[in-house]
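According to my numbering, the sequence shown is numbered sequentially starting from 815.
Keep in mind the hints are simulated off the structure, nothing from the lab.
Nothing here was measured: the structure is a model prediction, and the numbers come from that model.
Some clues are possibly wrong.
[What the hints assert, rightly or not] The list that follows gives simulated cross-link-like pairs (lysine-lysine, DSSO-like), each with its CA atoms no further than 27 Å apart: (1) Lys1084 to Lys1074; (2) Lys1012 to Lys843; (3) Lys1012 to Lys1114; (4) Lys1012 to Lys844; (5) Lys865 to Lys1012.
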Amino acid sequence: MFAILPNHDRPKPDPEIKPGILAGMRIRKKLFVLHTTFSLSLGIILLLALKPAMSKVMDGAEQDQAEQLIRTLFDAQPSPGQEAFDRIVQDPDQRVRIRTGAADALGISAVVESLARGTEGGTVVIGSDGTSAGAVRWLGGDEFLLVRVYATRARKMIRLVYALVIVTLLAGYALVAGALEMFVLPGHVYRPIGAILKADHAVQDGDREHEIIPMSEIPADELGEIMRSRNESIISLRNHEQRLAQTLDRLEHAAADLHKKNMLLETAKKNLEGADRLASLGMMSAGIAHELNTPLAVVKGLVDKLAGGDELSATETMLLSRVVGRLEKLSDGLLDFARVRPPTLVHADIRQIVEDAWTLLRLDRQIVSPGQRLEVLNEVPEGTIVDCDPDRLVQVFVNLLRNAIGALRGGSTPGVVRITAEHEHRDEIDWVKVCVEDNGPGIDADLIGRLFEPFVSTKLDAKGTGLGLAVANGIIHEHDGILTATNRSPSSAQSGAVFEVLLRKPDTI
């Protein structure tokens, strides 16, 4: 479930962090600043655009008045005197300045002077000097008449126009701002934003009743799309919360049911421990009895030899000692059946281990029948070293060789058992692979998948109990190795079974 923060714990923006000029303002203030700035900028641009045009109109009017004054003076009398000039200067509607003299003294440019001289009896208008515009007339010789006019009334009208423009802009701004604040923004901006904030506060306060914005308060514009999307997100979130709560409830029921079943299982386990221990003891006893047969047969053969009055050779004496030691190890299995005993690993030569296993079997007349045509080829290269428990690995190869020899019994052709070894890299691990092959009939296809299970055997008679391969597989697993059984490839010239033993190659020898 989601944690709901109380109202006083709501995270608030840091007032010190202001990424922009308007970032710390509310929407109403931002809009006021924006449309005020826009209106003032528009007014300034308009005034700047009108000023050149108004100045040009004002200059033209003053030039026309100056030209008209000169024409009036000279049309009335060819050589007007100072009295006429004074009468014009005293005009209250305009300020007129009349001067006569040389062009340099009057500040007349060479271009204007040339134009005035070239216009007989004519007048040349000149632009404003910053305060007034005027006209020039050539009086003859080096004498010129300069008239400058400052139209007082016209300039007052220009200022009035500027004032009217400013007033109009301010009035328009006030009208637009008032209309926006009174009729547009409250209903289309402020109220939707307020509804969103109110609903968000309801979410934070855990008020499920007011966390959805009513459809009557959602406008049909972009803000409305945002509000509808928000409502859909809240509804989807609540649906997910509900499904999560239902799932958690089911998990709680499942956990309670699992706990109950686990208690029943523990009770059943305790009740079955006794029976399971007895079954394990029975299987272990059968396995030990199965493994005792070969060493006891060797002991019996040597004892019979002694009973016949023959002495044992040094080799037979050492063999008897090893067999007795092997019997002691087998008897330890009855004490260790309830726990896994890790093998004691030492460097050992596989070729010697195979040779010891064959020596044990060779003395057992029940395994190798007199007159049986059998050849056992130990082709393991000398110096093939692995880390293993030699005595337990001898037991593995005794069982594998016994199985191979038993499969060859009664065959019409001479039996051959070949033991080979080679190094192999598989699954990024270095292995020593030992193969035990025979040329017998092979393994029944129905048994090959469960050949290493207890009491599975192709010879379920008085001579076999079906535990030899299961014991061998267990010992190989204790060595972190792999034991597999297959038949020879159909493309091979001979039939027969192949047992592969994979043992880890020592890191150092």
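Hint-by-hint comparison with the structure:
1. For the given pair, Lys1084 sits about 16 Å from Lys1074 by alpha-carbon distance, which is consistent with the 27 Å threshold.
2. Distance check on the hinted pair: Lys1012 and Lys843 sit about 20 Å apart at the alpha-carbon level, within 27 Å; holds.
3. A C-alpha spacing of about 100 Å is found between Lys1012 and Lys1114, which places the hinted pair above 27 Å, so the restraint is violated.
4. For the hint linking Lys1012 to Lys844, the alpha-carbon distance of about 21 Å falls within 27 Å, and the restraint holds.
5. For the suggested pair Lys865 and Lys1012, the alpha carbons sit about 52 Å apart, so the restraint of at most 27 Å is broken.
The earlier numbered hints that this structure contradicts are 3, 5.
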